[in-house]
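Q: Protein chains in written order, with our numbering: chain S, 176 to 320; chain E, 338 to 704; chain D, 2 to 224.
Any given hint could turn out to be false.
Just so you have them, the derived chain E footprint on chain S, three or more residues with Cβ under 8 Å [said to hold, decoys possible]:
1. 228 to 241
2. 248 to 257
3. 280 to 291
4. 298 to 307
Listed next, the in silico DSS-like pairs over lysine-lysine satisfying Cα-Cα at most 25 Å (straight line) [to be verified]:
5. E:Lys592 / S:Lys243
6. D:Lys199 / D:Lys220
7. E:Lys591 / S:Lys259
8. S:Lys243 / E:Lys521
9. E:Lys689 / D:Lys60
10. E:Lys614 / E:Lys591
11. E:Lys521 / E:Lys559
12. E:Lys591 / D:Lys111
13. S:Lys240 / E:Lys614
Restraint ranges, calculated between C-beta atoms of paired labels, are given here [unchecked claim]:
14. E:Ser516 / S:Ser266: 25 to 35 Å
15. E:Asp568 / S:Lys243: 41 to 51 Å
16. S:Thr274 / E:Glu551: 52 to 62 Å
17. D:Phe150 / E:Ala463: 43 to 53 Å
18. E:Ala504 / S:Val250: 53 to 63 Å
19. E:Ala504 / D:Ala76: 30 to 40 Å
20. E:Ala683 / D:Pro113: 32 to 42 Å
21. E:Arg656 / D:Thr205: 49 to 59 Å
22. E:Ser625 / D:Ala76: 39 to 49 Å
23. D:Phe150 / E:Lys592: 26 to 36 Å
24. S:Ser306 / E:Gln341: 22 to 32 Å
No lab work stands behind these hints: they were computed from the structure.
Glycine included, each C-beta is placed from N, C-alpha and C at the ideal position.
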Amino acid sequence: MNIETFSSQTLADIKVQVESPEYETGNLHSILTEIKFSLQQLLEQKKSHTIDLRAMPWSPGEERKLEKYLGKGEVRTELDALGKSIFYETSYSGIWVVTHYSEDGVIIGKSIEVTYMPEMLFSQYEEVKDSLERIKEIERIEEIK
Amino acid sequence: MNKQTLFELLQQQGVSRRGFLKYCTALTSLMALPASMISTVAQALESARRPSVIWLSFQECTGCAESLLRSHSPTVEGLIFDHISLDYQHTLQAAAGEAAEHAREQAMKENYGNYLVVVDGSIPLADPGYSTIAGMSNLDMLNDTVAGAAAVIAVGTCSAYGGLPHAAPNPTGAVSVSSLIKDKPVINVPGCPPIPTVITGVLAHYLTFGSIPELDRLGRPKVFYGQSIHDRCYRRPFYDKGLFAETFDDEGAKKGWCLYRLGCKGPMTYNACATLKWNQQTSWPVESGHGCLGCSEPDFWDAGSFYKALSIPDGDYARAAGYAVASGVVLGAAAGFANQKTKSAAVSQHTKVSVDDFSLNQKDTNK
Amino acid sequence: MELFSNANDFLLWTRGDAFNIAIGLFIIGILIRLLEIFLLGRKQDFSEPRGSEWGPGLKNIITRSVVDNGTFKRAPFVVVVGYIWHICFFIILLFFVPHIELIHAMLGLKWPGLGSQFIDASAVIAMVALLAMLWHRLTHPVLKFLSTFEDYLVWLVTFLPLLTGYIAFHRMIDPYPLALGLHILSVELLLIVFPFTKLMHAITLFIARWYTGAMMGRKGIES
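Just chain S, same shape as in the assembly:
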């Protein structure tokens, strides 16, 4: 039995706005420290690191502040699998912001990736293998013709 949830409206449509003055949890500071450390690791050991932004408490507006700090860089790309995902490199090379949306446009995951290129953007081994098979198939069909 599958459960379907029927709703034409998401919360985004209702325009819920959280109005609260600026206060800080101090997590902004710790994230910046983590990013700094990860960049060093990336340079020295080529080790990528992902920070799940949804795993920590934020005060209202704090997350936006972080994004404002990081800014936007040269690369922005969109993935279309099980809903959209947006990858963009921040104004700091090697620091990417990744946001996953569901098919309904609801954010289901958000993270900062400290890496040369987010893993998910690479073509996937299994699917490359599959492509080869499909190309061969086309070739075979062409030959028969």
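Place chains E and D on chain S using the hints.
A: Same frame as chain S, but now just chains E and D:
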């Protein structure tokens, strides 16, 4: 019916490898695991099978099911739900009566020893007649269904601790699942209602790893209930600075100061609201300006006023103090008069000491 | 039989019945002690007063808080550590917000609290001071000889609220309701022991100082 792995199912639905990885990313975040675990989760899910789930509703208000099912349009929660086989849920299933009960028995038979039982609501022991399903008492149905289960997930404060029905004077003799089921693992997912992502996170854990997550002393998954609301609260710095809202609309409240004085139960409440938040991560009670009620803790309903600070005594201490003053005065007066008597007795028995009394005669001093 | 089914029940008990019992015994005890002192009375003084009683009495309550040189020279350790302990103790008791809430709920009085870093520091200093006092008591031959069971009991019931409070504040015991419950219970122990031990000095010192001051005032002695 459940022989397919989750990965195969997703593939059939035309989900790409990237889509699968995205799903795993969301799932890893949902289970509150570090992002480095994504590949482990992906590996586990490639071979994971859809578990059969039987959902039993006893003395409850359906709020927990609502929390989960009406949370919002299909998201990870929805995806998880698609990937378990929910074989019995009497509020949701189309079948009714005999057919519904048949579905439950069927699922039990087919997946004996492997299915999950989700319970919302408490079980009345005072009189089975307080709550029955298809003529069966809640207790009988629980025992019957759990017999072949791999694990039981008690969703909501009622099934986890007895909840609202258990509140004094507990007319139905309501008890929790864990007080009845001793031979199977019971995972408590309390909350009134629990955060939907927490419910699905626990399901996801079982789905992914085929095991139950690490639990705390109250049987709650540590990943979600490991820290108190207070420890993760963004208003905590105000507590530490001694800045408190005194009323719900004063300057402090507007500035977002700590709600301790307004009765916030954050310090004693273990839950993930501060991080996971509610309604698509929009807000949570404290962010909306109201203190935590402590709904994921046992007997939160009987824990005194929601609007009294945690450090304040709960009983009728003014009366106790009144009695104490009355009896203290009586006893004190008695003691005082006794002392006076002793004093006057001492005075009347007092004999003057003269130089003669200090004679060095050994015989005298030794007598 | 399980006494408490969970830590919350324990906390509720300490905030409920146990608190009522403790506050009851505290009040009864204090009234007994005070009445037995007051009802004993003093012989009426028929001499002509050379000065007033009230002024010097009240003044003496304050002035006697300043340590005199002789005492300081004789026991500098006790004086310094004693002062540190009492000041820190009152900072914690009167300026920690949950404590203010308690006082507000019971007496209706309210004042602003201090930031928790001050409370935290005061708690550590107070505990170190108490430990130093105990060490002093155990190593000083005369003091050790004079010490009775009551002295150690009083030390313990004073130290426990600090320790459990510190533990609860820093959540060193899981779950928190257990930690908080233990703290409240330790204070209740202190409340019960208070009237019947030398802890009573916290109240009788005012009577004694006033009386000394008043007596001297009546005799016209500058105190």
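Q: Determine for every hint whether it applies to the structure shown.
A: The hints, checked one at a time:
no.	hint	in the structure
1	228 to 241	holds (count 8)
2	248 to 257	holds (count 3)
3	280 to 291	holds (count 5)
4	298 to 307	holds (count 3)
5	E:Lys592 / S:Lys243	23 Å, holds
6	D:Lys199 / D:Lys220	30 Å, violated
7	E:Lys591 / S:Lys259	37 Å, violated
8	S:Lys243 / E:Lys521	50 Å, violated
9	E:Lys689 / D:Lys60	38 Å, violated
10	E:Lys614 / E:Lys591	20 Å, holds
11	E:Lys521 / E:Lys559	19 Å, holds
12	E:Lys591 / D:Lys111	21 Å, holds
13	S:Lys240 / E:Lys614	19 Å, holds
14	E:Ser516 / S:Ser266: 25 to 35 Å	57 Å, violated
15	E:Asp568 / S:Lys243: 41 to 51 Å	27 Å, violated
16	S:Thr274 / E:Glu551: 52 to 62 Å	30 Å, violated
17	D:Phe150 / E:Ala463: 43 to 53 Å	50 Å, holds
18	E:Ala504 / S:Val250: 53 to 63 Å	57 Å, holds
19	E:Ala504 / D:Ala76: 30 to 40 Å	57 Å, violated
20	E:Ala683 / D:Pro113: 32 to 42 Å	52 Å, violated
21	E:Arg656 / D:Thr205: 49 to 59 Å	28 Å, violated
22	E:Ser625 / D:Ala76: 39 to 49 Å	57 Å, violated
23	D:Phe150 / E:Lys592: 26 to 36 Å	52 Å, violated
24	S:Ser306 / E:Gln341: 22 to 32 Å	25 Å, holds
Consistency note: the structure conflicts with the earlier hints numbered 6, 7, 8, 9, 14, 15, 16, 19, 20, 21, 22 and 23.
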